[in-house]
Amino acid sequence: MGSEMEPLLRAWSYFRRRKFQLCADLCTQMLEKSPYDQEPAPDLPVSQAAWILKARALTEMVYIDEIDVDQEGIAEMILDENAIAQVPRPGTSLKLPGTNQTGGPTQAVRPITQAGRPITGFLRPSTQSGRPGTMEQAIRTPRTAYTARPITSSSGRFVRLGTASMLTSPDGPFINLSRLNLTKYSQKPKLAKALFEYILHHENDVKMALDLASLSTEYSQYKDWWWKVQIGKCYYRLGMYREAEKQFKSALKQQEMVDTFLYLAKVYIILDQPVTALNLFKQGLDKFPGEVTLLCGIARIYEEMNNSSSAAEYYKEVLKQDNTHVEAIACIGSNHFYSDQPEVALRFYRRLLQMGVYNCQLFNNLGLCCFYAQQYDMTLTSFERALSLAENEEEAADVWYNLGHIAVGIGDTNLAHQCFRLALVHNNHHAEAYNNLAVLEMRKGHVEQARALLQTASSLAPHMYEPHFNFATVSDKIGDLQRSYVAAQKSEVAFPEHVDTQHLIKQLKQHFAML
Amino acid sequence: AAASSSDSDSGRAESNEANSKWLDAHYDPMANIHTFSSCLSLADLHGDGEYKLVVGDLGPGGQQPRLKVLKGPTVLTESPLPALPASAATFLMDQHEPRTPALALASGPCVYVYKNLRPYFKFSLPQLPPNPLEQDVWNQAKEDQIDPLTLKEMLEDIREKADVPLSVQSLRFLQLELSEMEAFVNQHKSKVIKRQTVITTMTTLKKNLADEDAASCLVLGTESKELLVLDPEAFTILAKMSLPSVPVFLEVSGQFDVEFRLTAACRNGSIYILRRDSKHPKYCIELSAQPVGLVRVHKVLVVGSTQESLHGFTHKGKKLWTVQMPAAILTMNLLEQRSRGLQAVMAALANGEVRIYRDKALLNVIHAPDAVTSLCFGRYGREDNTLIMTTRGGGLIIKILKRTAVFVEGTGEVGPPLAQTTKLSVPRKTRLYVDQTLREREAGTAMHRTFQTDLYLLRLRAARAYVQALESSLSPMSTTAREPLKLHAVVQGLGPTFKLTLHLQNTSTARPVLGLHVCFLYNKALYALPQAFFKVPLLVPGLSYPLETFVESLSSKGISDMIKVLVLREGQSAPLLSAHINMPVSEGLAAA
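Residue numbers (the working numbering), protein chains in the order written: chain A, 748 to 1262; chain B, 3 to 594.
It should be emphasised that the hints constitute simulated quantities derived from the structure, not laboratory data.
Glycine residues also receive a C-beta, built at the ideal position from the N, C-alpha and C atoms.
Hints are supplied without guarantee of correctness; some may be wrong.
Claimed, not checked - Coverage of chain B stretches by chain A, computed from C-beta distances (three or more under 8 Å per stretch; other residues unrestricted):
#1 347 to 355
#2 462 to 471
#3 487 to 493
#4 541 to 555
Excised from the complex, chain A in its bound form:
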């Protein structure tokens, strides 16, 4: 039956059903029959349509939602020229974690990331990396990343995608960019838009895309907001954030679109102006009340600024509009878990399970919630399932690490020891497991081993205060006051409010003053 269909319609249908490869193949066949040859004549509308369709299909194959997926490259982070104030006022910057502790649980309860923010319930590109303080931190492979490193340079990533698509078309590129006459195409708005997306997303040639966009916007006498947004996107990719901001603002004046708001907010976030971004989102909400992406953006910014209570409020707002929003459910769940309400968190995670999320992390969280909410019969089953669902070594390591916690909780140190060791077997960089193993060794009286483990833990994760503090305590016990003092000071830097560290430092100072 399908063979009876008109080929263009069939290709269109493929495209609608997101079978892009089939669609592109079909278009290629059609174009071979009546070669378009990049010289569109007005009497050949069918081949022109096929050409557009193929361009769009190829674009869709490699298309990434740029609003969500954005990773700052190492060069952008280290050589950041856009920062305005080196020492921003509290609550106005994303770079200074811990500036805005508004009632959220402290570091002692909720673990933090390398950048000093509480870990989130949902793994987003920006939540795992943060901004590294030193070059050393920046070039080290972080624990949370396994497929691609979060600190990859953005240009590198886009180029890789481009090359990957090259491999699939052995006959050479579909459109030879160097031979395009941009001025001619810019005068055909419909064609130009498809061509632009192809150049930007498939070929990843930002400069050429920008040329095409500026010609087109000129042709449309600066009245088409779509082109302005595209120019802004190009500027953003090229790192010209102020120019991008201008374009997006001008586009917003002509036509208010959710996408434009999101792009502009992204620009502000990269310029480290979270307050402006928040205001922009709220302005957007006035136009589009209840828009989920805008609400979610606000919540994310609050979360980045360590204001977890406001973040939770906005996530709740998101759920009112869209009660299947995975990110919101997960974030609220983890928030409840770390604020000593595991039974509520359990509800949220169960909701995720009902929605069909079925992975290692979810079962891991469910197991932990069950254990801390005293629903013991479900605990170990959940972990068992999490283990069998673990896709890679790191996930398995996390599950074993949590099982170690359960074992410590029921007082079975032998099992705990095995679990932590297994966590290390699966992931040699699991600093928390090193730390906990050291505590167990310390209890057994193996001081040398404990110290070695703690040293490893603190070198793997200098942002954690626990290994520093434990090292200080061990050194203090065996009388090595000098090292104890040095480690205690490191612990104080990592977690200034930690009372035990302060006590230890005070005690050590007294020791030093004594005869």
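Please build the complex by placing chain B on the supplied structure of chain A, with the hints as guidance.
The following block gives chain B in isolation, referenced to the frame of chain A:
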């Protein structure tokens, strides 16, 4: 209500401009006076009712010691001193009229006594018997029986073994270079060996009357762990007492001829209390830290220690109280307001505060512009209650206590601590929680059984996985008793060249490990290593050995793989340890 509020304001221990108890009489930050509390004294030196300030000034950097006498804000006279002053005191020598007090200044081994600001008498400490062995050695040197090198050796020998310390001359000789020795010996060999001690502290003690204007004895503390009491007129030694350590602060009470009590804080961190007829200490207070000041308030001894605290003791050595200070104590002195019968302790702190305490109660806090190093309170000029302070930078501050000022006790910290009133934010127990506890109550047994079964299964699973990991040496730590080792690997770089650092550590307590090898297993199509197998040096216990190697990524397709690191023992095929390194994707493609 308004009155009470203003009352509580004025009662604040913090002194601000409007309701301060003090008048700022004089402040000169460039007065160039560098001294300590013990070298400050106030006295009516000319008998004209105008009190002057006597300062034993160390000079800037302790270079030019001087005796200064100040009248009001100006320096009246200034005379150089041969050595750094240790203490300054004024006392009445005799009963003659007019009753002008003499000024005593302890410096080096001597006490210089001035009257009417003219040198009057110089008292030197008696010489101590020199070490006969030392004497002997120098005699031999005199007769040229031994060369300077032998002399040096013998003197060093004496210094180490003998109980009696060496003389200044010998000590100076031991410091010299080889070339200077000959000349020094020639110059000094004919001199008699003298051994003299120096004065560390000085105070005055009434001779036989408790009156304000009665004659007083000088009490000296010396480096040779002795206390001496001198006659006020003849400057003969009336009494001699020995201590277990060198005294640094002295406090006295009573009269010499009747009954007296000497309290000496010593360098070994102890305070010794002596009575009239005791040659040795009667009581001993052992502090947990070095004393920085000693003040007697009525019958209570107040001691400041390096632990940033003040301690109160009875005169029998019983501890009464301890007050914690916000910063280190630099110096202490007594504040005596005769008109109101108040005695209090002033303590100058390193943060620039001067705190006034009566027992445990904080009476007043003065904020000085610089850290205060010496304090003195008493009659100055014609004003009864004057506080004189000198600062670390050589400044001079003079403050006058207002005649209306009353120190109110208990204005420091009263009532329960603030933390008691803050509310803890304990999360509410949710409805859900209550429901769950109900379930627990109903199905407790079943839940427990399920949990136990699962736990057994988990233990089995963990044990299996653990054994498997051990058998295949997957662990980054080895637990065998022979080679307790630990390994962790770090990858740095963006590619295509990565730096791989292995941190290998021997965690045994004492045994070094030898004969280890490191081997890398990797896909040759993807990576290239300069050395896939190398020897590990001897591992000393407790140190982390970073072993670095470079890894070149050969693939241009953005593929990454795992590299296995094995630590092997010579002659054994099974690895001791292994680490799996997930290599990051090479980012160097864009540049290539």
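Quick rundown of the hints versus the structure:
Judged by the Cβ-Cβ criterion of 8 Å, the stretch 347 to 355 of chain B is not covered by chain A as claimed, because only 0 of its residues qualify and three are needed. Only when three residues or more bring their CB closer than 8 Å to a CB of chain A does the claim for the stretch 462 to 471 of chain B stand; here the count is 6, and the claim holds. For a cut-off of 8 Å, the count of residues in the stretch 487 to 493 of chain B with a CB near a CB of chain A stands at 6, and the three-residue condition holds. Counting residues of the stretch 541 to 555 of chain B whose C-beta sits closer than 8 Å to any C-beta of chain A gives 3, which meets the bar of three, so the coverage hint holds.
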